[in-house]
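For reference, the chains in residue letters:
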Amino acid sequence: MKGGLFKITLYVALVGLPVWMATFLGAPSKGVLNDVGRNFALVGFMILVVQFLLAARIKWIERSFGLDILIRYHKYMAFAAAGFLIIHPFLLALGHRSWRLLIAVDLPWYIWAGKLALIILIVNILFGVYQGKLGLKFEKWRLGHDLSAITILLLIFLHAWFAGDDLKVLPMQVLWMILISGAIVLFVHHRFLRPIRLGRYLYRVEEIQQETGNVWTVKLTPPHGRTIGHYMPGQFHFLTFFRSPKLPVEEHHWTISSSPAQKDFISSTIKAVGDFTSTIGLTKAGDTVRVHGPFGRYSYLLHPEERDLVFLAGGIGITPLMAMLRHMRDVGDTRSVTLLYANKQEDGIVFSKELQQMAAGKNPNLTLVHILSRPDEKWTGETGHLDREKIERHCNGNLGKKTFYVCGPVKMAEGLVEALRRKGVSERQIRREIFSFLD
Amino acid sequence: MAKTILHRTTIGVVSIIFVVAVLLGVLKGEVISQPDVRKANDGQQEHESLNAQTINQGASLFKNKGCASCHAVDSAKAGIGPSLKGLFKGIKNLGSGAKVTDKSVRDQIKTPYKNMPPFADRLNEDELDQIIVYLKTLRS
Numbered sequence: 177m178k179g180g181l182f183k184i185t186l187y188v189a190l191v192g193l194p195v196w197m198a199t200f201l202g203a204p205s206k207g208v209l210n211d212v213g214r215n216f217a218l219v220g221f222m223i224l225v226v227q228f229l230l231a232a233r234i235k236w237i238e239r240s241f242g243l244d245i246l247i248r249y250h251k252y253m254a255f256a257a258a259g260f261l262i263i264h265p266f267l268l269a270l271g272h273r274s275w276r277l278l279i280a281v282d283l284p285w286y287i288w289a290g291k292l293a294l295i296i297l298i299v300n301i302l303f304g305v306y307q308g309k310l311g312l313k314f315e316k317w318r319l320g321h322d323l324s325a326i327t328i329l330l331l332i333f334l335h336a337w338f339a340g341d342d343l344k345v346l347p348m349q350v351l352w353m354i355l356i357s358g359a360i361v362l363f364v365h366h367r368f369l370r371p372i373r374l375g376r377y378l379y380r381v382e383e384i385q386q387e388t389g390n391v392w393t394v395k396l397t398p399p400h401g402r403t404i405g406h407y408m409p410g411q412f413h414f415l416t417f418f419r420s421p422k423l424p425v426e427e428h429h430w431t432i433s434s435s436p437a438q439k440d441f442i443s444s445t446i447k448a449v450g451d452f453t454s455t456i457g458l459t460k461a462g463d464t465v466r467v468h469g470p471f472g473r474y475s476y477l478l479h480p481e482e483r484d485l486v487f488l489a490g491g492i493g494i495t496p497l498m499a500m501l502r503h504m505r506d507v508g509d510t511r512s513v514t515l516l517y518a519n520k521q522e523d524g525i526v527f528s529k530e531l532q533q534m535a536a537g538k539n540p541n542l543t544l545v546h547i548l549s550r551p552d553e554k555w556t557g558e559t560g561h562l563d564r565e566k567i568e569r570h571c572n573g574n575l576g577k578k579t580f581y582v583c584g585p586v587k588m589a590e591g592l593v594e595a596l597r598r599k600g601v602s603e604r605q606i607r608r609e610i611f612s613f614l615d
Numbered sequence: 642m643a644k645t646i647l648h649r650t651t652i653g654v655v656s657i658i659f660v661v662a663v664l665l666g667v668l669k670g671e672v673i674s675q676p677d678v679r680k681a682n683d684g685q686q687e688h689e690s691l692n693a694q695t696i697n698q699g700a701s702l703f704k705n706k707g708c709a710s711c712h713a714v715d716s717a718k719a720g721i722g723p724s725l726k727g728l729f730k731g732i733k734n735l736g737s738g739a740k741v742t743d744k745s746v747r748d749q750i751k752t753p754y755k756n757m758p759p760f761a762d763r764l765n766e767d768e769l770d771q772i773i774v775y776l777k778t779l780r781s
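Chains as they are written, first to last, in our numbering: chain A, 177 to 615; chain B, 642 to 781.
Just so you know, these hints were derived from the structure itself, not from any lab.
Here the structure is a predicted model, which is why all the values come from computation and not from measurement.
Glycine residues also receive a C-beta, built at the ideal position from the N, C-alpha and C atoms.
Don't take every hint at face value.
As the list claims (entries may be wrong) - The list that follows gives simulated cross-link-like pairs (lysine-lysine, BS3-like), each with its CA atoms no further than 27 Å apart:
no., chain 1, residue 1, chain 2, residue 2
1, B, K644, A, K599
2, B, K751, A, K344
3, A, K344, B, K644
4, A, K235, B, K644
5, B, K751, A, K529
6, A, K566, A, K554
7, B, K726, B, K704
8, A, K313, B, K751
As the list claims (entries may be wrong) - A few chain A residues that face chain B, going by a derived Cβ cut-off under 7 Å, partial list only:
no., residue
9, L186
10, V188
11, S205
12, D211
13, V212
14, F216
15, R248
16, Y252
17, E426
18, E427
Chain A with its partners taken away, still in its complex shape (with noise of 0.2 Å):
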């Protein structure tokens, strides 16, 4: 986490920037349970505020702790957020002695707006957190997850100015101004500003491959003129295929599957999942890409030190790995890695054959152990789950000094991840990267 102590401390420092210039430069006091009232406001307003700086793909920001990660922190901090506010006007209500801001119909409509940003706020979070469930479709989840976010923030803006004592003085207001025009500009440059700038220069789709019955990879090669940038085996980037018209243009983020020792292209390897990925194999070499990244701290570069990796990959969360593996031998490097990958039945695995040629030759020192779930009666390899058991063995029984990179379904990395605590194997020691945004 380069610089992430730093970069925490900054976001609570701004999240309670309003609190210290309110108490200083604000509204009189009324009272500890109203003082406490209004500065869990202010607090929840500017965490609110703050997300937005989180999840507008900052690259400074996200250098030191992922997307992934930070991803998830603006979802935990909805969460806060909304619980500052919900107190709030509890507090002011136990302070004023009075319940009628709880239950009382005739109240201004500033005072509307808040409790109606704050239903906003709670249905938001509720769909989030219940997206999967709901069987939402991602593109209008997120669609209705950026107009409300906008209306609440309007709503809470205007709520804050009218009914907020302490935004009675003109630094406060200033503030609020500065914030406002901040969140805007930062969801423009995102949403709208950004994207137009990035399809100045789409990548071309090269050539797309089928690895296995419904895998495919598309390799990507820049505009005329351009190199692609610096990126570390292991990253994922955003992608917006524009193909025949009949196709759905949505933007989503796969794992970088190609090494970037190689100049010439860059690839992702995609399974054919969802209801956009479903589409992947209508894609068409010639076809443009919009492409957003590199993204995302998984990646055995940015630990160089450590010598001996054990790769447990699941179905299609072997592309990290590979585009890892494909790195260390593109660069000559000669560490030692064990890879134990599980599927289902032989055909359905991935980089088959260029696995074995790894295995076959020095860099890296691979160690590679096939594992099926539904082998046919030919296969003489590991059967059936990737487990404890088998980890240990193919281990030596060794844990203590290795590096465990897991990538795979989020129930398989999370008992693998449970298993090698369980033996006693540190925090430290497990890479593990949170890759859906949503569950």
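Got chain A; can you put chain B on it based on the hints?
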């Protein structure tokens, strides 16, 4: 593992923010600024500390929010509405017949009896407090 560190960091950050918000709220009343006249809200406490700032704010609201265009404060003569000279000095009742208290005056401003327009939308609770504090200073 990243997730555990994330959980701990989030809990840490939220706790700090929580503590700062509570602590500054508590300190504000105790140390940093003087309490004002919030208690006027109830109408029960007779002995509030009326400070000059609040009275001034009340007076300027009285002028700027339109009260002064109907109500005189320094002469006993009625304008469009009755004079408010000495309103809280126990001389008279409100037009509705109600006794003059914080609450009845507040209700009159928000949901008036008779021809006066309602001011509930134009004044928030704190501004009402300030106006009431100001009205209490009017001599008979």
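Tested hints:
no.	hint	verdict
1	B:K644 x A:K599	holds (18 Å)
2	B:K751 x A:K344	holds (21 Å)
3	A:K344 x B:K644	violated (42 Å)
4	A:K235 x B:K644	holds (20 Å)
5	B:K751 x A:K529	violated (80 Å)
6	A:K566 x A:K554	holds (21 Å)
7	B:K726 x B:K704	holds (15 Å)
8	A:K313 x B:K751	violated (48 Å)
9	L186	violated (11 Å)
10	V188	holds (5 Å)
11	S205	holds (4 Å)
12	D211	holds (4 Å)
13	V212	holds (3 Å)
14	F216	holds (6 Å)
15	R248	holds (6 Å)
16	Y252	holds (5 Å)
17	E426	violated (27 Å)
18	E427	violated (24 Å)
In the structure shown, a violation is registered for the earlier hints numbered 3, 5, 8, 9, 17, 18, in ascending order.
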